[in-house]
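Could you build the full structure based on these sequences and the hints that come with them?
Sequence lines, in order, name chains A and B.
Going by this note's numbering, the residue at position 97 of the first sequence is 80; the numbering climbs one at a time, nothing skipped.
Take the position in the second sequence, starting the count at 1, then add 248; the result is the number in this note's numbering.
Simulated from the structure, these hints should not be mistaken for laboratory data.
Careful, some of the hints might be misleading.
[Claimed, not checked] Here are the simulated lysine-lysine pairs, DSS-like style, with alpha carbons at most 30 Å apart:
id : chain 1 : residue 1 : chain 2 : residue 2
1  : B       : 993       : A       : 51
2  : B       : 477       : A       : 51
3  : A       : 130       : B       : 907
4  : B       : 1007      : A       : 130
5  : B       : 907       : A       : 125
6  : A       : 130       : B       : 983
7  : A       : 130       : B       : 993
8  : B       : 579       : A       : 51
9  : B       : 907       : B       : 983
10 : B       : 579       : A       : 125
11 : B       : 1007      : A       : 125
[Claimed, not checked] Example chain B residues on the side facing chain A (calculated, C-beta under 8 Å, incomplete):
id : residue
12 : 487
13 : 523
14 : 664
15 : 666
Note that this is a predicted model, so its numbers are computed, not measured.
Every residue gets a Cβ at the ideal spot worked out from N, C-alpha and C, and that includes glycine.
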Amino acid sequence: MTPIPPPEDETLRHHSFDGIQEFDKRLPNWWLMTLYGAILFWVGYWAYFQWFHVGLDGPQAVTREMTKIEAARLAAAPTTDNASLWKMSRNPVIVEAGRTTFNTLCASCHTEKLTGAIGPNLVDHLWIHGGTPTEIYATLEKGVLAKGMPAWVPVIGAKKSAEAVAYILSFHQEGEPIEVQAAWIPQAPK
Amino acid sequence: MSDQKITIEFNDKVVRQFLLASVIWGAVGMVVGTLIAAQLNYWQVNFNLPWLTFGRLRPLHTNAVIFAFVGNMMFAGIYYSTQRLVKARLASDFLSQLHFWGWQLIIVAAAITLPLGFSRGKEYAELIWPIDIAVTLIWVVFAVNFFWTLAKRREPSLYVAIWFYIATIITVAMLYIVNHLSIPTSLLHSYPVFGGVQDALVQWWYGHNAVAFFLTTPILGVMYYFLPKAAERPVYSYRLSVIHFWSLVFVYIWAGPHHLLNSALPGWLQNLGMTFSLMLWAPSWGGMLNGLLTLRGAWDKLRTDPVLKFFAAAVTFYGMCTFEGPLLSIKSVNALGHYTDWIIGHVHGGTLGWNGFMAAGMIYWLLPRLWSRPLHSVSLANLHFWLGTVGILLYVGAMWTSGITQGVMLNATTENGTLLAYPNFLDTLNTIRPMMLMRVIGGSLYLVGWFLLIYNLWKTIATAQPVNGTIEVFADEGVIAHEDKITLLGTFLNPPVAFSIFGVGFSCAWMFGGDILSIAGMFGLLLCVVLAYAHFESRGKKWATWYDRLLVNSAPFTILVVIAVAVGGLVQIIPTVLVNRAANLEDRRQLPYTPLELAGRDIFVSEGCYNCHSQMIRTLVPDVLRYGDYSRLGESIYDHPFQWGSKRTGPDLARVGSKYPNIWHLRHMEDPRAISVGSNMPNYPWLFTSPTDVAALPGKIVVQRQLGVPYPAWTDAQITADVNQQARAIVEDLKTAGGMIAPDKQIVALIAYLQKLGKYETVAPPSRAAR
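See the structure below:
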């Protein structure tokens, strides 16, 4: 759509500015198509999202996605009452999975033998934040941020957390004494 | 026409001054850039000194390279070319000198205040209010000097470079003034009048178009003069100049919201930002084509002439960046690239490649013409070119790799998408460290190239005489024929302008009208396009004739530019500013800061924390998994300035309040690595010794009340009592956890602020908000 026919293409405009001359070449077709294509895209995109409201806006889309994720989490989450966690702690498959998680994430502070270094000993009968299965799970859930213990459940998920608790419990017996410890004095890891 | 000829001597002195200033400030800006790049890898080079920390130096770097380096280069190019293109000496020697010295004084003031922590907390708009006023006044001096020169021109018709200069002067003034509207609380501090989403929108309308009208349009004007001059070839296509100029200045303004994609910004604004960014691709490439294709027939000169090498590479980088920009504006691409180093790579392709190389080419071309001596060494200039090119490629390549890597890691999920694959932010940071080191190397190469330019320049001009250009003109040359004059009415009553106005009007009716108005707008738009096409096909000559006439009428031309650049901002900003605040809330309202928290927030802003930490959880699953529920508009409604941020070198802070105990923050600010192993955040020891400025709080709260933040009418004593009470509570809590600090220290106020982030009250959802 150019008003001046192509034969004039190679001619210079009559005027020059400080010696600068100008051709008046046709606009390249691919360039025009890019321009028109982008304009058509704008019309289509606007119609899809803002005119007919077919497309979801950001909050709607993320709410839908997060609802799905919540459902998946609930379906996959293990029960974490005392009885179930004790039961899990006697299942070798679960304990082995828990051992892997523990050695990757927890052992740097609690050591692979669970005897404690930076973080407290987990195989004795002394507990700072409670020693029942649900209490141990709660410590993983909330963390002890002031002492450097992260909240692990939101990070690694309920399943892996429960497995790790089961692994800790596998060093203990149901009904053994639980004594309260005031604090743990951090020691350098051996 | 009389035969009497007179000789005009151009004012090239001010051109030389601006050129030298650009070279020197360019070096300063690049040295600071290299330092802060190194700080990201080696926290030790923050030196534990407040005025050398990243958060304060990054604004110095950006302001120095934009306003000092490119600014001075632009003024040199505009003043040199304009005098020759309009055949007139600059209107006023006094205004020219005032412009030069005023601008340098502003830069010095910025270079002192920014490291001292005086900041408005908005990117590229950090300078405190007295300097803002000085910038505005000096810009007016520039504008008067420029338009006065146009008025005295002996060349009636305006060349395409001049169109771009006019657009620059008008638009920068508009953007700068609106985005810097503030209410002072003291000589050195103010709060922006806009808050929350309004401030975000205005900021990125400004920020995006500062790139457009400070770093792009003036440099395109410079290209249109210096490139054909150096190549000694005609410009490729005049009609491409016309189309790409008008589409560029009109479309650019609308694209600002692409900096806020997937954020709490209302969806219609995000959709405008994305679609207009895509429409910007072709207009931008119009400039690249006209630059590159002008070199047709001169490619052989590239082998020997460093000037043309620089220009050809600069225009190529311009094309690359203006393709990358629309690409990054696509929401799904943006979800990956935003907040990462990809954006840093994108802007440095523009600044180092396009701005820096245009500057170098222009300087090498000008030196022999402004001083009576050929360039000292062509081979050194060639070496500069290759060092610079390799430097940019290393830099940009590293940042692409880094940004995409970190983006992919941050967004990666596991366990069927229910958990983050890399929950520890530091894992992603430490993965990209080699790339960040590569950036330092690339940037250093570029800097070495710049020092070669300085050496070459010095050897060329040290013993040379400055020369001023002259031109011979007829005494009465350039009088505009009466029949060519366009009246105010004639400015609008002509086919191109009338069709454009109707087209934009119908488009807006379609986009924003109700059901019936939308349909009417769509039909009107279609009709308008068909009629315009038909008219152009049958009477296209009239359009061309009218445009030729417009080009000899600088005032009507300027009026049309003002309208073209104003429309986008008006459509986007006015509804957002005017709507009832309740409509901007969604379902949550931020709890106003207590006086101590407000003081802490001012420290957060002053230290430039926003340079690395966002406060905006996007409506994206990985963001929600990592940082919590997505941010609502109402949750930053009282934030003057907004602190949504644009880069996450560290994690988002929108919901950091109550996430960690007070002692965590105390230890972390003292030595981030004691808490977060592998962190690159600077230490902030001075926050533990400097007192909080409680005396300034009553004045600040008065201004906050004026801005609509619901503070009660406290007395000064009540404010002090409130501060003391909250500070003591925090100090007590810290003491029980083993941290000793006096309640009057800045760290206490900062902890109070950080613990408030993300606190809101629930409000009834608003009725369907008006757009």
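Problem - Numbered hints the structure breaks, given as an ascending list - result: 1, 2 and 10
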